[in-house]
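If you're matching them up, the sequences are chains A and B in order. Just so it is clear: in the first sequence, position 13 is 13 by the UniProt record's numbering, and no numbers are missing. Just so it is clear: in the second sequence, position 47 is 47 by the UniProt record's numbering, and no numbers are missing.
Don't read these hints as lab results, they were simulated from the structure. Check each hint, because a few of them may be wrong.
Claimed, not checked - No more than 20 Å apart at the CA atoms, straight line, and that leaves these computed lysine to aspartate or glutamate pairs for DMTMM-like:
#1 62/A - 253/A
#2 62/B - 253/A
#3 62/B - 15/A
As the list claims (entries may be wrong) - Here are some, though not all, of the chain B residues that point toward chain A, as calculated from beta-carbon distances under 8 Å:
#4 3
#5 10
#6 55
#7 57
#8 61
#9 134
#10 260
#11 261
Even glycine gets a Cβ: it sits at the ideal position worked out from N, Cα and C.
Protein chains: 2
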Amino acid sequence: MERIEQHACHGGRQEVWKHASDTLACDMRVGVYLPPQAERAACPVLYWLSGLTCTEQNFITKAGAQRYAAEHGVIVVAPDTSPRGDGVPDAEGYDIGLGAGFYVNATQAPWSTHYRMYDYVTQELPSLIETFFPTTQARAISGHSMGGHGALVAALRNPGRYRSVSAFAPIVAPTQVPWGHKAFAQYLGDDHETWKAWDAVELVRDAAERLPLLIDQGEADDFLATQLRPELLRRACSDAGHPLHLRMRAGYDHSYYFIASFIGEHIAHHATALRG
Amino acid sequence: MERIEQHACHGGRQEVWKHASDTLACDMRVGVYLPPQAERAACPVLYWLSGLTCTEQNFITKAGAQRYAAEHGVIVVAPDTSPRGDGVPDAEGYDIGLGAGFYVNATQAPWSTHYRMYDYVTQELPSLIETFFPTTQARAISGHSMGGHGALVAALRNPGRYRSVSAFAPIVAPTQVPWGHKAFAQYLGDDHETWKAWDAVELVRDAAERLPLLIDQGEADDFLATQLRPELLRRACSDAGHPLHLRMRAGYDHSYYFIASFIGEHIAHHATALRG
Chain A
1 MERIEQHACH GGRQEVWKHA SDTLACDMRV GVYLPPQAER AACPVLYWLS GLTCTEQNFI
61 TKAGAQRYAA EHGVIVVAPD TSPRGDGVPD AEGYDIGLGA GFYVNATQAP WSTHYRMYDY
121 VTQELPSLIE TFFPTTQARA ISGHSMGGHG ALVAALRNPG RYRSVSAFAP IVAPTQVPWG
181 HKAFAQYLGD DHETWKAWDA VELVRDAAER LPLLIDQGEA DDFLATQLRP ELLRRACSDA
241 GHPLHLRMRA GYDHSYYFIA SFIGEHIAHH ATALRG
Chain B
1 MERIEQHACH GGRQEVWKHA SDTLACDMRV GVYLPPQAER AACPVLYWLS GLTCTEQNFI
61 TKAGAQRYAA EHGVIVVAPD TSPRGDGVPD AEGYDIGLGA GFYVNATQAP WSTHYRMYDY
121 VTQELPSLIE TFFPTTQARA ISGHSMGGHG ALVAALRNPG RYRSVSAFAP IVAPTQVPWG
181 HKAFAQYLGD DHETWKAWDA VELVRDAAER LPLLIDQGEA DDFLATQLRP ELLRRACSDA
241 GHPLHLRMRA GYDHSYYFIA SFIGEHIAHH ATALRG
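Bound-form chain A, shown alone (with noise of 0.2 Å):
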């Protein structure tokens, strides 16, 4: 691993590094912010996962989220969206391709040498941050809309490997809303049964692990009605007896300034249960 990237930040260090990923065949960048704890002890690792068009830049200068690493000693990992790089296939739009890998292993050419997020940020990720950086055993996950949707697969699809999970204006249920059909066409192919093992609504209905879902849903977001649907998962949740905490926001819209309104309270949340 490389460090690209340090700054002072809140007591502790905002770092990006990079680093060549087996699992994505190509270089991958990641911030990594190291609370003043860190200096002295292990901590635990929250995993932030962003949405479409996001590098690993986007949620480090923008959400304000170091401030409240730094208070409750979490160490935040918020890496890029996709593999990166020459050789990586792109498309047309923003929502396939380049910065929208949607957090899945790909089964389909020209996406399935690359695209393979969901392993690197389950399982190659993790695997470097905690050989690399001075991390206890507990992680948490959160994200934002294509992010949250990650955050909430990887923590569905993985019981026991997290503490808590979070996200914001998550989209719920790709298998049903227009951003989730065409990169799952894409990437996963034309059988849809293929397609529920990435959709947390479908996960919810059996998973091992009653883990709490913790979600942040701005009522002026303009993806509300077509894109997210929280209320498909509500439904999920309460037909599974899965505990939901949805929390509907008069108001706020799908930016960063959303969410830098309420990481305070994610980041609380996850270090109560990192602590655990």
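Use these hints to put chain B onto chain A, whose structure you have.
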């Protein structure tokens, strides 16, 4: 004034407005954060002046100031850093022309028609803000780098106009450093005597008001020794008996990670003065 962005943020609203500026003879954009208190009552205003290359976006997306502005009930106004648009002259380099107005009134062609950022930020903009928003008459001013210079100069040249002033990594002595030499030669011409009216180190010598200067400066700032030189201000304030609170911050650089780390302390400082 035309509102071009509006986002709920920390219980208030982060807005961006566009307006025709008479002073600058062009359209200008300005960020305005309205804290929740502004729904019910007039609030004091903190003006923020950004640094080289910035637009009205950098501070509002990266500093995380809204949380503290909401806590203290302060409106935060963050204008662009230069005139822009058709017919506004530019030149080679990030440190002259667009994004580099240096908060002076240019006297030299081709700059003098549009580059009057001093009059804009100290006169026209406050008049607009105080007409269109629920403000009290209490004003404070702060800024970063070139904008720290602008804030110090605005306060020192206008006794009684600001309740408080602060800066992050300001250019304290533009007449003695390369950034200032280049900009002032272009904007103000060859008579170096005229430069002194735009230099905080010169202005503290005869300041009519002993408004305390609060300054944070990172010790790992790449521009510290060449462009910023806070020791020059320390000496001038000491000689003049002008109150200076200069805090050298070990490990911090020139980035918004530095600003985000200490903007809360600055806003608390201004809020105390603005309530007084």
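Checking hints one by one. Is residue 57/B an interface residue toward chain A, by the C-beta closer than 8 Å rule? Violated, about 11 Å.
Between residue 62/B and residue 253/A, is the straight-line Cα distance small enough, at 20 Å or below? 18 Å, holds
Against chain A, run the beta carbon of residue 3/B and see if the smallest gap drops under 8 Å. This hint is violated: residue 3/B lies away from chain A, its Cβ roughly 14 Å from the closest one there, beyond 8 Å.
For the hint on residue 260/B, just tell me whether its beta-carbon gets within less than 8 Å of chain A. This hint holds: residue 260/B lies near chain A, its Cβ roughly 6 Å from the closest one there, short of 8 Å.
Within 20 Å, alpha carbon to alpha carbon, are residue 62/A and residue 253/A? 15 Å, holds
Does the CB of residue 134/B sit less than 8 Å away from some CB of chain A? 18 Å, violated
Would the hint on residue 10/B stand, with a C-beta cut-off of 8 Å toward chain A? Nearest chain A Cβ about 5 Å off; hint holds.
Against chain A, with CB atoms and a cut of 8 Å, does the hint on residue 55/B hold up? With Cβ-Cβ at 15 Å, over 8 Å, it is violated.
Chain A contact restraint on residue 61/B - CB to CB distance below 8 Å: 5 Å, holds
Restraint: residue 261/B near chain A, CB-CB cut 8 Å. Satisfied or not? 5 Å, holds
Can you confirm whether the C-alpha distance between residue 62/B and residue 15/A stays at or below 20 Å? This hinted pair holds, its Cα atoms lying about 16 Å apart.
Checked against the numbered hints given earlier, this structure breaks hints 4, 6, 7, 9; the rest are met.
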